[in-house]
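Novice: Sequence:
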Amino acid sequence: MALPTQKRTKSSKRIRTSTFALKKQKLINCSQCKKAVMPHHACLNCGYYNNREVLKIKTIKHKNTKNKKTLKHKK
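Each residue of the sequence shown is one higher than the one before, starting from 0 at the first, in numbering that gives the first Met the number 0.
For the record, the hints were derived by calculation from the structure and aren't laboratory data. Beta carbons are placed, not taken as given, at the ideal position from N, Cα and C, and that holds for glycine. Watch out, some of these pointers could steer you wrong.
Taking CB as the label site, the calculated pair distances span [to be verified]: (1) Leu2 to Lys55: 25 to 31 Å; (2) Met37 to Lys6: 40 to 46 Å; (3) Lys60 to Thr16: 24 to 30 Å; (4) Leu54 to Leu26: 52 to 58 Å.
Lysine-lysine pairs mimicking DSS-like chemistry, simulated, CA-CA at most 30 Å apart [stated by the list, open to error]: (5) Lys34 to Lys62; (6) Lys62 to Lys33; (7) Lys34 to Lys12; (8) Lys57 to Lys34; (9) Lys25 to Lys12; (10) Lys23 to Lys12; (11) Lys12 to Lys33.
Generate coordinates for the entire structure from the input sequences, incorporating the hints supplied.
Specialist: Here it is in structure tokens:
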């Protein structure tokens, strides 16, 4: 197995590891719903990409709750 012939200096280590930093994600606004979306990805909120619907998004139906007056317990 090959071994390095010279010690890697502190500055060369730091220069090499400077590229490991995390980059900030670039987001754009969806043309339909105006939510933040990664570029070149379909919107997970409305299902549109490039002004066309490419995903069918199921909406969550909330259960109808009764009025608060009927939920109170009688003493």
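Novice: Work down the list of hints and note, for each, if the structure agrees.
Specialist: Here is how each hint holds up against the structure:
1. Leu2 to Lys55: 25 to 31 Å: violated (58 Å)
2. Met37 to Lys6: 40 to 46 Å: Holds, since Met37 and Lys6 (Cβ atoms, about 42 Å apart) stay within the stated range.
3. Lys60 to Thr16: 24 to 30 Å: violated (51 Å)
4. Leu54 to Leu26: 52 to 58 Å: violated (18 Å)
5. Lys34 to Lys62: Holds, because 26 Å separates the two Cα atoms, which is no more than 30 Å.
6. Lys62 to Lys33: holds (27 Å)
7. Lys34 to Lys12: violated (41 Å)
8. Lys57 to Lys34: holds (17 Å)
9. Lys25 to Lys12: Holds, at roughly 28 Å.
10. Lys23 to Lys12: holds (23 Å)
11. Lys12 to Lys33: violated (43 Å)
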